[in-house]
Amino acid sequence: MDNVLEARNLRKEYAGFALRDVSLTIPRGYILGLIGPNGAGKTTTIRMLMNIVKPSAGEIRIFGMDPAENEKAVKDRIGFVGDEQFYYENRSVAWTEKFVSRFFDNWNGELFGRLLGGFGIERSAAISRLSKGMRVKLSIAIALSHDPEFLVLDEPTAGLDPVVRREVLDRLMEFRGNEERSILISSHITDDIMRVADGVAFIVDGAIVLRDEKDSIAADWKRIHFRPGAVAGRALAGLSCVRESAFGHSGITREYSKIKEELARGAASGDVRVENATLDDVLISFVKGE
Amino acid sequence: MTMFEIVRKNIFRYVTPPLGVFAVMAIYAFSSGVNNPVNFAGLLGIVIFIVTLAPALVIEMEEEKNRGYAFLATLPVAIRDVVRAKFMMMFYSILALGAAGVVLLASIGLPGYLLSESAKTLVLGISLCLIFESVVLVLALRFGSAPALVVLLFTTLMLNILTFIVASAGLMGGSLVSIAGKIFSAVPWPFAAILLAAGVAVFLAMIPVAGRVKESRIV
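Going down the list, the protein sequences come from chains A and B. Heads up: take any position in the first sequence, counting from 1, add 11, and you land on my numbering. Heads up: take any position in the second sequence, counting from 1, add 1329, and you land on my numbering.
The hints are simulated quantities; they were obtained by calculation from the structure and are not laboratory data. Do not take every clue at face value.
[Said to hold, decoys possible] The calculated BS3-like cross-link candidates involving lysine-lysine, where the alpha carbons are at most 30 Å apart (straight line), are:
hint, chain 1, residue 1, chain 2, residue 2
1, A, K65, B, K1338
2, A, K83, B, K1338
3, B, K1394, A, K143
4, A, K225, A, K271
5, A, K109, B, K1394
6, B, K1394, A, K83
7, B, K1338, B, K1394
8, A, K109, B, K1338
9, A, K225, A, K299
10, A, K299, A, K271
11, A, K83, A, K65
12, A, K143, B, K1338
13, A, K65, B, K1394
14, A, K83, A, K109
15, A, K269, A, K143
16, A, K143, A, K109
17, A, K269, A, K225
18, A, K143, A, K83
19, A, K269, A, K299
[What the hints assert, rightly or not] Chain B regions said to be covered by chain A (calculated; three or more residues, Cβ under 8 Å):
hint, region
20, 1398-1411
21, 1536-1548
The beta carbon of each residue, even a glycine, is placed where N, CA and C say it ideally should be.
Using the sequences provided together with the hints, build the complete structure.
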C-alpha cells in the first residue's frame, strides 16, 4: 500500500511552544484523526504539511513529493479546509469560484454547484454575509470540487452547531466512498474523529504520544469502575486518572489485556465494571498524565 | 498558471491609474505646451512613481484586510510566485510608462538637445522608481502596507525639507522637480544608463527576497 503522506521528525520552535519530532504516515485510502487539546500543535503540523509554515527540521513527502518544491503539483491533488476560512470579503461566492477554479487543473464547476446547492449556499451570495457554518461549507465545497486524492482538514467542525457538524461529516464520508481517497482530520471534538477515522494520532504538548488504529485503542484502552479495595497491585498501579465516582472509583488503563485476568474476579462479583474508554478519556489521560 | 492569471483579479487597479493619469499628462503636454521639458520629464518620473506604487500598496492593504495570502496559500500556487507576479506587474508598468514618457517627450516636437536632456531625466527618474518602489514593496510585505506608506510619506517630507534647505541656502532655487531636473541634466548619459541597469538589477534582486519574506509570514 502506498502512502499519500510521510512526515518524519518535524520540528518547529516558537516562543513558549515547540513541535518535537512529529512523524505521521497516512496510507492511500486511510482516514487519520489527529487529536489534541488546543495549542498542542495540530494546526502547526497541518500548516507545515500545506507549506504554510516552514519546519525548522524534518522531512515531508506528499504523493512522494516535497510540497515545498512541488507546491502546485501537490496542492492540486489536495483539498484543504483550514481552521479559519479566509476569502475576499467584498466578493461573491460566484466570483470566489471563478477565482479559485483558475488555480486547479481539474476544477469541476458542476460538482461545485451541486455541493453549494446541497449546502444551501447561493452563488450570488456575498462572502461577507456568510455565517461561520456557511463559510466552512463553502470551504468544503472548494476542497471537494477539484477531485482531490487527499483531504487535509484542520478543525473543520469547530464552532459549528450539531446539525451543520453532522452535515459536514456526512460529506466527508461520501468523499471517502472512493477507497482511493485519504483524509487527515484534526479536531479536539473526539466524537467527530470516532465517527470517521480509521486510525488516531494523539498530539500533546507538541509531540505525538500515541498513534494507533481506532479498533486497537478500543481494545486496549478501558475505563475501569471499581469499588474500594476491588482493584490492587499491578492493576491499580496501571490506572491513570483515578477518581471517585458514583460506583466507587474509576480509572483508565491502556493495557487492558495485561490486567484483564486480575480484574476477572471483581468483574464476576460486580465490584469491577469495565467499559471502553472514549477518545476523550485517552486524551485526558495523556494531558493529565496521572 | 501565468503571471497574468495571478494578478488578474486586480488588473483594473494596476492599469486604470497609470492610463488615466498618463492620459491627463499627455493632454496637458499637447494642449498647453511644455515650457520646461526637463522639469516636465521630472514631473513625469514622479507621476510614474505614484501611479505604479499606489495601486501596489492598495492591493497589499486589501490582501492584509482579507488575509489574502492565507487564502492563496490553500490554493495550488506558491506564494513566492504570487509575489513575483506582483513585482513583475509593477516592473512592466514602470518600464512601459517610462517608454511612453519618452515617446510623449519625442512627440511634442522638442529640439534634439532638449529631448536628450529630458529623456535622460526621465530615465534617471525611472531608475530611482525601480529601486525605491521595490524596497517599499518589500517593506510592505514584511511589515504591512501602513508602515510602508509611512516610510513613503516620511521620505517625501524629507525630500521637500531638503529642497527647502537647498533653496534657502541659495544653492539652487525652485521646486523639488526643478532641483532634480538640474541635478539629473548634469549627469552624463553613460551614468544614466548604468543607473538604469542598476535599478533593474536591484528590482529583480528584490523579488526572491520579497518571496522569502512573504512565505515566512503567511500566518
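Taking the hints in turn, this is what the structure says about them:
Among the hinted pairs, K65/A with K1338/B is consistent with the structure: their alpha-carbon atoms are about 28 Å apart, no more than 30 Å. With a C-alpha separation of about 19 Å, the suggested pairing of K83/A with K1338/B holds against the 30 Å cut-off. Using a Cα cut-off of 30 Å, the hinted pair K1394/B and K143/A holds, with the two alpha carbons roughly 18 Å apart. Pair hint K225/A plus K271/A holds up; C-alpha atoms about 20 Å apart against a cutoff of 30 Å.
Simply put, K109/A and K1394/B have alpha-carbon atoms about 21 Å apart, close enough for the 30 Å limit, and the pair holds. With a C-alpha separation of about 25 Å, the suggested pair K1394/B and K83/A falls inside the 30 Å cut-off, and the hint holds. Note on K1338/B and K1394/B: the hinted pairing holds, with a Cα-Cα distance of about 16 Å set against a maximum of 30 Å. Taken as a hint, the K109/A and K1338/B pair is honoured in the structure, with Cα atoms around 10 Å apart against an allowance of 30 Å.
For the given pair, K225/A sits about 21 Å from K299/A by alpha-carbon distance, which is consistent with the 30 Å threshold. The suggested pairing of K299/A with K271/A holds, with an alpha-carbon distance near 24 Å, which does not exceed 30 Å. The straight-line distance between the Cα atoms of K83/A and K65/A is roughly 16 Å, inside the 30 Å bound, and the hint therefore holds. As the CA atoms of K143/A and K1338/B are separated by approximately 25 Å, the hinted pair is consistent with the 30 Å bound.
For the suggested pair K65/A and K1394/B, the alpha carbons sit about 23 Å apart, so the restraint of at most 30 Å is met. At roughly 18 Å between alpha-carbon atoms, K83/A and K109/A fall within 30 Å of each other, so this suggested pair holds. For the hint linking K269/A to K143/A, the alpha-carbon distance of about 46 Å lies beyond 30 Å, and the restraint is violated. Under the criterion of a C-alpha separation no larger than 30 Å, the hint pairing K143/A with K109/A is consistent with the structure, at around 22 Å.
With a C-alpha separation of about 19 Å, the suggested pair K269/A and K225/A falls inside the 30 Å cut-off, and the hint holds. About 28 Å separates the Cα atoms of K143/A and K83/A, which keeps this hinted pair within 30 Å; it holds. Between the alpha carbons of K269/A and K299/A the distance comes to roughly 22 Å, so the proposed pair stays at or under 30 Å and holds. Check result for the region 1398-1411 of chain B against chain A: holds, 8 residues qualifying (beta carbon to beta carbon below 8 Å, three or more required).
Counting residues of the region 1536-1548 of chain B whose C-beta lies closer than 8 Å to any C-beta of chain A gives 4; at least three are required, and the coverage claim holds.
Hint 15 alone, counting from the list given before, is not met by this structure.
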